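Here is what each chain is made of, one letter per residue.
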Amino acid sequence: MTTVTQRPPATEPEPARPAPRKSTLRGQENRAGLVLVSPTLVIVLVVVVLPILWTIVLAFQNVRLVDIQSQGLFGNWTLDNLERVFSSPGFWSSLWTTVVYTIGSTLGSILVGLVAALALRKPFPGRFLVRGAMLLPYVAPVVAVAFVWQVLLSPDLGVVNHWGMNVFGWDRPIAFLTQRSYDVWGVPVPMALFTVIVFETWRYFPFAFLFLLARMQAVPAVLEEAAVVDGTTPWQRFRFILMPQLLPVIALLSVLRFIMTFNKFDDVYLLTGGGAGTDVVAVRVYRFLTARFDVGLASAQAVVLAVVLIVLLGLYFKFFGRRVQEEQS
Amino acid sequence: MSRDAFQIRFFGIMRWVVIAALVVATLFPFYYMVLLSVKPIDNLLLDPGRIWVSASEFTVNSYRSVLTSVEDGGQGFVLMLRNSALVSIGAVLLTLLVAIPGAYAVSRLRFTGQRKVSALFLGVYLFPATLLAVPLFVMFAKAGLQGSLIGLVIVYIAQTVPVAIYMLRSYFTTVPVSVEEAAALDGLSRLQIVRRIVLPLAAPSVMATGLYVFMIAWNEFLFALLFLAAEPSHWTVSLGLQQLANGVEVPKTVLMAGSVVLTLPVVLMFYAAERMLTEGLTSGADKG
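Those sequence lines, one after another, are chains A and B.
Per our numbering, residue 11 is the first one in the first sequence, and the count goes up by one each step.
Per our numbering, residue 63 is the first one in the second sequence, and the count goes up by one each step.
Some hints could be false.
Unchecked claim - Partial chain A-side listing against chain B, Cβ under 7 Å, derived:
#1 Asn40
#2 Gly43
#3 Ile53
#4 Ala129
#5 Pro133
#6 Met144
#7 Ala154
#8 Pro244
#9 Asn273
#10 Ala292
#11 Leu299
#12 Ala301
#13 Ser309
#14 Phe327
Calculated directly from the structure, the hints in this document are not laboratory data.
Please read these numbers as outputs of a predicted model, since none were measured by experiment.
For every residue, glycine included, the Cβ atom is placed at its ideal position computed from N, Cα and C.
With the sequences and hints as input, model every part of the structure.
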């Protein structure tokens, strides 16, 4: 890390100075550092670390929301919750849905982000405005954009279905968000899940776009100019010169987007409420918590989700770890 | 045509196709949102395919209905705007108050466990909100913070402080150490150095970080839903809009007017400082 080397030399102990004085200076710096960082530390410990630990405890207890006031923090141990998580109907399909949703959205947003960054790489009149427009889906509140999509795709008053039937000749409206499966030329497509993935791609491609564009602009122009002289085609320059430079950023983006989408609750909950084959695990946790006030089951489900994520990340780093580390160093 | 010439022509055309498609895809939903919000619901039902509004049908009734207070038969979004503003501005100020010293310490001072702290802050960011939801729900119920805006602010600080520190840190390290040394020689204490030297120099990044926090807090939905759902007078705009959509027979035009009311403040604020925010967000990305 760069932080260690860049601390002010002013605090470096001078050789002539006697030993006790030196330790005081270092001690001062140490204390100042701890004092300055402690508010953050306290908040993070109380509002993040402590709740995480407590979730793990709750997952192994037999509790409902009403019991928590009366019973102690520990005790009432049980493995029931985990057992019920694994045996509950729809658990495995929900996990599978989460994985498909996450991979689809991650790939989608990075791919569209990459295409967008390539298209906006070279200056053109109005580029600044186009770039601004492209950040809109990412900046706008999820509740608002989810409802706009709902209306846009609505079978009775949505403009998409209206045009689909009048311009493209669909014989009946498509219920994008409430239809589990749809036959497209005889192939069943998981319609609602697909729509949710498209939404997620739309909402998060600006994130990938920003990072990739920043990285592209840092690639020295000389590299590509030299390649032009060597008689390469545009595709070759992208494939062999630009792409290797972008790969570390893409690897990092994949991890970030994967983690965030895997735990995502708002988008699916607002669009479909978890119905029609979009029952991702995060929405299940919410349902266990609020519909049944079953704290133990909700915690166990959340812990299982976190463990699956850690395992998947572990696999990812095992295969691609070097690349991500390169980017972070 | 040689392969090179073909590709230059092909990608040259594709570039404009892509730009046009992206502009339509990103802007159209927002255009549609505004369009529906100024249209009478009957005209929408009559002809859903018409994507413009004529002068004669233009109406602000949807906005009137959304913004009128609940006592007067409206949806009371003015109160919710106030709640959202309180929560978001509170989260920005407190997060900066906590994150600036933290970021300074992490970037400049050598202290016990420094590396562990940096790792912890980044690690925290990767934990799922759903994992926190259950115990926070219970903790806040116990502490009597359930249904209060203060509880929500505390959660937002915890959610944003790691990224805030990360964003500020990368900027603090670019402030030359020699400037600080000179100030120290002039007799300034550590806190004075941070306040009078480092902060003014890092002002753009502080602004960008504040904007990021504002955006997260204003747009947040899950924790607002968990903590405030039972307390309508404390609803934020995001939560209010979702509850409105759940209600009986609310016309889509009113829903869209609510969406515009929710979207406009954060979008305006973002574009007012767009340059700063994007530079702050990606300042770490072009080092690799």
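Here is what the structure says about each hint:
1. Asn40: Holds: closest Cβ of chain B sits about 5 Å from asparagine 40 (chain A), inside 7 Å.
2. Gly43: At about 3 Å, which falls below the 7 Å cut-off, the nearest Cβ of chain B leaves the hint on glycine 43 (chain A) intact, so it holds.
3. Ile53: holds (5 Å)
4. Ala129: holds (4 Å)
5. Pro133: Violated. Min distance 12 Å.
6. Met144: holds (5 Å)
7. Ala154: holds (4 Å)
8. Pro244: holds (5 Å)
9. Asn273: holds (3 Å)
10. Ala292: It holds, given that the least Cβ distance between alanine 292 (chain A) and chain B is near 5 Å, below 7 Å.
11. Leu299: holds (6 Å)
12. Ala301: violated (13 Å)
13. Ser309: holds (5 Å)
14. Phe327: violated (13 Å)
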